[in-house]
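Protein chains in written order, with the numbering used here: chain A, 2 to 112; chain B, 240 to 350.
Be careful, since some hints might not be right.
With a cut-off of at most 20 angstroms between alpha-carbon atoms, the simulated SDA-like pairs for lysine to any residue come out as follows [said to hold, decoys possible]: (1) B:LYS281 with A:GLY41; (2) B:LYS281 with A:ARG82; (3) B:LYS281 with A:HIS11; (4) A:LYS12 with B:LYS298; (5) B:LYS298 with A:GLY98.
Since the hints were derived computationally from the structure, they do not count as laboratory data.
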Amino acid sequence: DTGVSQNPRHKITKRGQNVTFRCDPISEHNRLYWYRQTLGQGPEFLTYFQNEAQLEKSRLLSDRFSAERPKGSFSTLEIQRTEQGDSAMYLCAPWVGGELFFGEGSRLTVL
Amino acid sequence: ILNVEQSPQSLHVQEGDSTNFTCSFPSSNFYALHWYRWETAKSPEALFVMTLNGDEKKKGRISATLNTKEGYSYLYIKGSQPEDSATYLCAFNQGAQKLVFGQGTRLTINP
C-alpha cells in the first residue's frame with residue numbers, strides 16, 4: 002500500500018466524452034506528479050505540482066487536458082473530448098524522500 | 240530530449256536461473272537513477288535509488304550496479320522465482336524535478 006488512492010480504477014468512455022480522474026495521497030506531500038503509460042512504453046511525464054501550483058506541463062498535455070490541485074492535497078486530471086489515443090494508464094505519484102510513490106493508476110479506454 | 244533505453248524489452252527465464260538486464264541513460268548532468276518493479280494490477284514499486292558512480296545496491300535476490308561515466312545500470316536477479324515476474328523500469332533523474340522512464344523490461348519466470 003503506497004498510500005495513494007486513484008479513482009476510478011477503470012473508465013470506459015466513448016470518443017468525445019469528458020473524463021476526470023482523482024488522486025488522493027493519504028498524507029500531504031509538497032510535490033505531486035501525473036504520468037501516463039501506454040502499452041509497451043514506460044510512464045511518460047505529464048505534469049507536476051508544488052503544493053497547489055502547477056509548475057511544469059509536458060508538451061504531451063494538449064489543451065484538452067487540465068490538472069488541478071486546489072488545496073495542495075488531492076489532485077484531479079480532466080480530459081475533454083476524449084480521443085482513442087488517450088487510452089492509457091494514468092498514474093499519480095507524490096514525491097517522497099527522493100522517490101515517486103505511485104498509486105495503482107486509472108486505466109482509460111476510449112471506444 | 241532525454242533518451243533512456245532498456246534492454247531486452249522482454250525476457251523469459253526458467254525458475255531458479257539468474258538473469259540481468261540493462262538501462263542506458265545520458266552520461267551528462269547525472270543526478271540519480273531509479274529502478275522500479277511493476278507487477279500486473281499493482282502500482283510501480285520503488286526498488287533502488289542510485290546516485291554515485293560505482294554504486295551497488297541489493298535487496299534480497301535483486302541487486303543493481305551503476306556506471307555514470309558510461310551511462311548504464313544493470314539489474315540482476317539471482318535464482319529467479321515466479322513472484323519476480325513483472326516489468327522492471329529504470330528512470331533517469333537529471334535533477335530537473337522529474338523522472339524520465341525507459342520502456343521497461345518485461346520479465347516472465349517459467350516454473
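Could you work out which of the previously given hints the structure breaks and list their numbers from low to high? The structure breaks hints 2 and 4; every other hint is satisfied.
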